[in-house]
Structures are given as C-alpha cells and as structure tokens.
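A.B. asks: Read off the chains here:
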Amino acid sequence: MEDKTKEKVKARVMDSRKIKRVLHRMTTEIIEHNRNLKNLVIVGIRTRGIYLGKRISAQIKEMENIEIPVGVLDITLYRDDFSELESQHMVKKTEINFSVANKDILLVDDVLFTGRTIRAAMDSIIDLGRPQTIQLLILIDRGHRELPIRAHYVGKFLPTSKREIVHVRLKEIDDKDEVLISEPTGIK
Amino acid sequence: MKLLIKNGRVIDPASRTDETLDILIDRGKITEVKDKIEDKDARVLEASRLVVAPGFIDMHTHLREPGQEYKETIKTGSRAAAKGGFTSIACMPNTQPVNDNRGTTEYILSQAKKSAVTNIFPIAAVSKEQKGKILTDMADIAEGGAVAFSDDGNPVANSQIMRRALEYSKIVDTPVIDHCEDKQLSEDGMMHEGYYSYLFGLKGIPSTSEEVMVSRNLSLARKAETPIHLAHISTKGSVEFIQQAKEKKIPVTAEVTPHHLFLTDASLKTYDPNLKVNPPLRSEEDVQSLMEGVKKGILDVFATDHAPHAFDEKDTEFDLAPFGINGLETAVSLILDRLVKKNLISISRFVQMISTTPASIFKLENKGNISPGADADLTILNLHKEITVDVNQFESKSRNSPFHGWKLRGAPVITIVGGKIVYSLQKH
Amino acid sequence: MPFNQKHLLGIEHLSPSEITTLLEAGESFLEISTREVKKVPIFRGKTIVNLFFEPSTRTRSSFELAAKRLSSDILNFSSQSSSVVKGESLKDTVRNLEAMNVDTLIIRHSCSGAPHYVTTFCQSHVINAGDGPHEHPTQALLDAFTIKQEKKKLENLKVVIVGDILHSRVARSNIFLLTKLGAHVVLVGPPSLVPVEFKKFGVDIDYNLDRALEKADVIMMLRIQSERQQKNYFPSIREYINLYSLNPKRYRRAKKDAIIMHPGPINRGVELSTDLADSAKSMILKQVEHGIAIRMAVLYLLMGGKEREIID
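Chains as they are written, first to last, in my numbering: chain A, 1 to 188; chain B, 1 to 428; chain C, 1 to 312.
Looking at chain A on its own, in the form it has when it is part of the complex:
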C-alpha cells in the first residue's frame, strides 16, 4: 500500500483572496439562477462542504438579506465502497433541521472527483424527502468522473492526474484558506 502520509506539495493553486473571489462569483450565479431564493436550502457535505455552505449562506444574506438555512450531511451510510474501506469510518450526525420536500437544494462540497460522493449525497437527500431540484456547487472540479455527474457551479476546473491529491484547507478548521496539489512520495 502506498504510504499516503508522505507527500510533496507541487503547487498552491488558490489562496484566501482567490477563494473569496470565487465564492462571491458563484453566489452571484446562484442568485441569478434561483428566482425564488426563499425556496433555496443549502446542504453541506461533511466536512468542508459545511463551511463553504455557511460562507455562501452568509454571502446571500449580505447581498439579498435572505436567510438560507444550512444543513449538514454525513454520507458514510450511503457510500458504495463501504466494504472496501481500509479503515473504519466514524459515522457523524446528519443535521438537517428543515424539510427538504419541494425545496431547491444546493448541495455543497469542496472537491468533485469520481462523482460517487455526490451520488451518495443525492440518495441520502432523496431518502429525507422529495426536493424540487438539487443543484451542485463545487470549489474544485479535478476531473476523472466515474459517474454522469456535473456541477452547476464550479469554483475552478483543475486538471490533475489520478495520483495527485487535492487539499482544500479552510480557516474554520485548518487555520487558513488555500488549495494545494500534492503527490505521494511513497512507492510509485
């Protein structure tokens, strides 16, 4: 097995200012796209989707003075690769304290890769009720999709090799905002 603890940073593709600008741009797109903003709810995918979701909610409040509720989704119990996981994944709470029925759901995650997380998230949301629409917001789309999934709002398209690792760091939990590409230095 590859030792994933050892890796080398190849590039810093976004910094705090860039992330802020991108979120601002995507918020504008959301407002443009959703005529009935009051029907919109945000669901952030654990862990960094939550903070991105909260930032967008705050931005909408600033721009339109509308409160958009933010829910938290843990997709562990919906994963399709569960029995192949190498280590146990602690289940955390799903905290969606509003009905999703007939709502326009804005699903938020940090990185879009194979698409499997989003598939799991959509299944999970649909089990909670029948939403009007589900839209997807992603900070980084790094390609390599394995399922027919595409984001409505993309912060940045970032072509990567499968080997590379994309780290999104957010100051709420990581002390600073940045996006890095790195590569494992272990066995090739």
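For the chain C half of the interface with chain B, some residues (derived, Cβ under 10 Å), not all of them:
(1) S89
(2) K91
(3) H109
(4) C111
(5) A114
(6) G132
Now the stretches of chain C that chain A is said to cover, found in silico as 3 or more residues with beta-carbon under 8 Å:
(7) 25-32
(8) 36-46
To be clear, the hints were calculated from the coordinates, so they are not data collected in a lab. C-beta: ideal position from N, C-alpha, C; glycine also.
Starting from the known structure of chain A, arrange chains B and C on it as the hints suggest.
C.D. replies: Below, chains B and C alone, put in the same frame as chain A:
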C-alpha cells in the same frame, strides 16, 4: 524369564530407601534388592540416571466399562494408566450397570484379565444403584474382589446410611471412600462459587458443599472408629477439618488431584468445558491451602479422578458438558514438574503419596514397596525428561484434558507390571 | 478512536474509550429512526441472523429493526421453530447457518459463554444478545446512552441497581460499563441475591433500599422472577415488595431529578409501582427507542470497514 534392573536410584518409602541399587525380578516377584547383583540368566535393564519406584497406584479412576465403552474401556484405560506410570488403578462403580454386586465386580475383573495391561481393582458401590438407600452386600462383593466401597459422584446424602456403611465395613476391613458433596448446596452449580463465577455468570458450587460433608464424615468416622477415605479434597476449609481430625487421631485419609493443585477457577474465562470438573477448580487461596496440605502431610494421596468423556460431549456449551478431566496420562509429569522439580516436596514424599499410602489404604501388602517377595510392579521415572502434553497421543479413548500443550519436566519412562514391561518410552 | 473488535461478547473486556466510541456512534444513528424514510443503504446485501435460543420480544425486535434500518437482510431463527428441539447441537446449528453465507450472528442463549464458544469455530461476527446470567452488552450500552442523554454525563452519578443481581446479565453488564466510565454504582437487594463478592467489581452493596436511594441520580429496577421465591432466595413476594419495590414514597428519597429505568418486561406492582412506571421520570420507553440506535451503532462498528479483518 528374569529381569535385572541395574543402577537405578531406588526410592522405596516403605523401607526408607533412597539409594542406587539393583533389583532382580523372577516370575512376577521381586527376589533380590541390593548393591550390584549379577545374574547371567536375567535380561538386564540399565536404569542409571533413572528413578525406580514401587508401582504407582491410582485410587480414583473411571473406566466406563461396562456401559459407556465409547468413552473408555478397561483396555484403553489400563493402557493410559501404564503410559502414565500407574501399575494399578482402582475404578469407581458408576458404570452401567452400577457395580453394586459381586457379579459386576467379577465381570470387571474378568475383563481386566483379558484386556488390561495393569492391575485393576474394582471399587464397589456403598448403596444399591448408588441411590443412598439400601446398602450393598459388602462382604460378598469384597470376597469377589472389591478393594473399597464408594458411591462416588452420587455421595451418600443420608447420614444414617453413611453411619451404617462405616459400621458395617468393619466386617470386610475395606475402606469406605466418600466424595464429599452436599448436592443441595451444589444445586445445579458448575464451577467454584466466588468472584469468578459471578464474573463469568456461571452457577457456583460453594466450598461449603464439600466442607459440610467432610465435617459430617469425620464425625461419623470418629464415632464408628472406622477408616474413611475422602476423595479429591478441594477446599481450604476441608484441609482445616482434616488437619483437626488427624490431630484427634480420627482414622481419615484424603486425596488430592493434580488439577485441583495446578489450576484455579480463574482459568475458566475461556469457558473451556475441559475445565469443568466436580469438585470444581477452586480459588487461588484454596490451591495454596491444598499445597500446604500436601507439604504438611494432611493430604495423603495423589489420585487422578480420571474421568474420560467423548469429544462431542465436551465440545459444547459449558453448561451442557459433563464434569470430568482425563488424568491418567498427565498426573505424574504434572506433579514431577510442579512439585518435585521445584522442591516443594521430595521425590520420596511423592512416591509415598502415589504408591506406598494407596497400597496401605487398600491393604495391598505385596504392592507399594520394593522388597523381596513383593509383586514386581515398578514405575521408572526420568526426572529430566521434557515432554509436551498432546491429547492426540493419548492411549485413553478420550481427549478431555485442559493440560494439552503444557510443557513439563519429568516423566514415567518404563512401567513394569508383574515383572513384565507394559510400557516403555522410546527414548528414555 | 476506532472500534477494533470483531465480536461484541460483553462489556467486561472493553476499554472505556471503546465504550465511548459505541455511545457516540449511537448519537449519529438516533436521528435516522426519526426520519420519514427510516433506512440507510449501508448494509445492502449483508445478512444478519437473529439466533435466539431463549424467548425474547424486545431485544430480538430491536436488533431486527436495527438491521433493517441499515438495509441488511435479517433471518430470525428461534429455538422453538428450529431443529434444536430435535437435538441438533449449537455447533451444528451455527455451522449450517454459516454455510448460507451470513455475515453476523446475534445470539441469545441460556448458557453463559455460549456466544464465546461460537466464536471458537465460526467466521462471522458474533454479537451477544444475552448469555445466561453472564452479560447483555447492548442493554448496558443503551442504558448508559439513555443516562447520558438525560444527565449529559456518567462520571460521579450515583446509580442504584435494585433486585436479583445474582441472576441478572443486565446488572453485570451495567456494573462493568458504569464503573469503567466513573459512575458510583450501588447494588441493592436481599443478601441471597446480592453476593458480597460483587464488591470486587468496584461497587457498593446495601440491603436497605431506603438508605441506598439517598442522593441517587439513576434508579435501575430489575425484574424479579417468582422462580427465585420458589427457591427460597426470599420468603415471599409480599416481603420482597415491602423491602425492595420502588414506590412514590421511596422514590422521593432520591434526587429530585432522579430517573427510573427498567430493562423490561416489568412486573407492575412488584419491583416497580405502576404510577412510577408511567411517570415522566420513567425512561423505560426511551430505553427501548435508544436500543435501536445503539444496536445500529454496534452493527455498523463491528461490520464496517476492513480494519478488524486485518487485525484479527
């Protein structure tokens, strides 16, 4: 055919012998014991660096024949005995049918004559069908060959019957043996009652269930002035009662098994049914007391309580498994390793407790000693032989030993019964 | 803190942090049972067997719902409807079930150590759903979970457990769990049913219920079986009620916010008065509700991921 055992360290507690001597055997008897015997006609058995002892006698085995030959037979049980260093074994009456009459006693002896490689001494029941109600015809059965009387696992609960049995046994001059247990107190218990039974959730057998009966038996023996032998003593309280009784010269002897000396109730954490035995494996404190009892001579005899059970009977839930440990092939090595090697008891004391004293309790005058005229039953030991207990190598039909895999130092290497070598370890 | 056990046979051998992991996971699963669609797909295609050799409604249904809410298939096997009555051994029964490629066995058996014995010859995960008077780990977990939900902690709480301690697997598992997590446990009952040796488990013993209830945070009542009276563990049910039944008058001796628990089924009017059983202080139905969340958490943590297979 004469047999000459040369240069062995002869241990014979009966004559207080512990020296290098030669032993000459002719026609099943010991004919000469002295330093340097020469006999051109005799086959010579070199025994230097080996211990030569009077043949070991197990006062407490279960041979299961007649009735439960799938567990053990007289043939397989006696082969197990020979391998374990025993030249004589006394078998308990809980066969099917119960050995409560002269016919069954004689049947066992005739089967033994046909198939056994060691001496077999039947112990007959005290009461008909071991039911504790009607005494057996003790005189008749003793004449038929029984060496003692016991209801063993179904001990005589009624004190009046026990009193009568002790009184009546004066006629036959054979001892009564009692498995001391108050079945009301044991109820459906299956391990020693105490911290570990509460921890493991297994129903307990309290120490008192043994001790009240030890105490009763000692009172009865004192009154009747008849010897009583107490089987497999397991608790501290029992050891104390026996010590007091001996101080008062009550004619009591008592035995202890290797499993009660070397295992405790804590080992049951594995729920291994091979550890299920009655009396149960007791606490560390009881084990310490039993050790003291052995060292101080309060306990007189090592016995195995060899209780073979078929594999499937023991491969089950702990509650459902029968009581009993397979003991003939492990007892001697266990005691040599755990007591003799560690100098807790001397080799002479060991031989006394496993040969001399059992012979005297059973009144077998020609056994349990090495002197001219005695039966040529000898157990030869190598105190340095390292063995690993392997139940798959057992001569016994059954495999129910909790000692599987134990590495022990000291083992029986040659067993001679009536002048004939019935067992010999390849490399001794 | 990962939970690296292949089986759940009891509480006694678990570390405090493993117990905490199980309790925390229970929190995540509690919410699922309140959803419109009470089901997550995680164990699609897995097979869990309820192997019950003793009658049970609560525990068996609770495990069944827990398994179903995780999308597992579940097979209910009880001794009354099986070949056990024809004399098939436990080993053969389990081996036959395993031949049907099951993933987890949930075992309730009247013999202590039976689940432990099963692990010596089977490959599946084994969960002890109560073995003789030995342990009932998921009951203790759901009880601790309930206490934590109400009291927000376990440390330094005074928990009084009343009744037939000697024969109770619920009492044992609770004693092990609560003492490991720092609660002060007091056992109460007639001396014949509360052996002094239990003190070695780190608990206190009191034969006087009134005295023991002083400053109690949690009162856990156990079911008393009339069989015990027949065996003279106590002289009569009447005397037992006089001494050890929890009634409103006695309850007032405990702390104001003391909660009442019972693993069920209750003998109303015997160990617990009806008005208390149905009062706001009674956690009995909450315990049942939490049972499902805890059992989902147990199934998830035992069956999830590959790690245990490597370690084992």
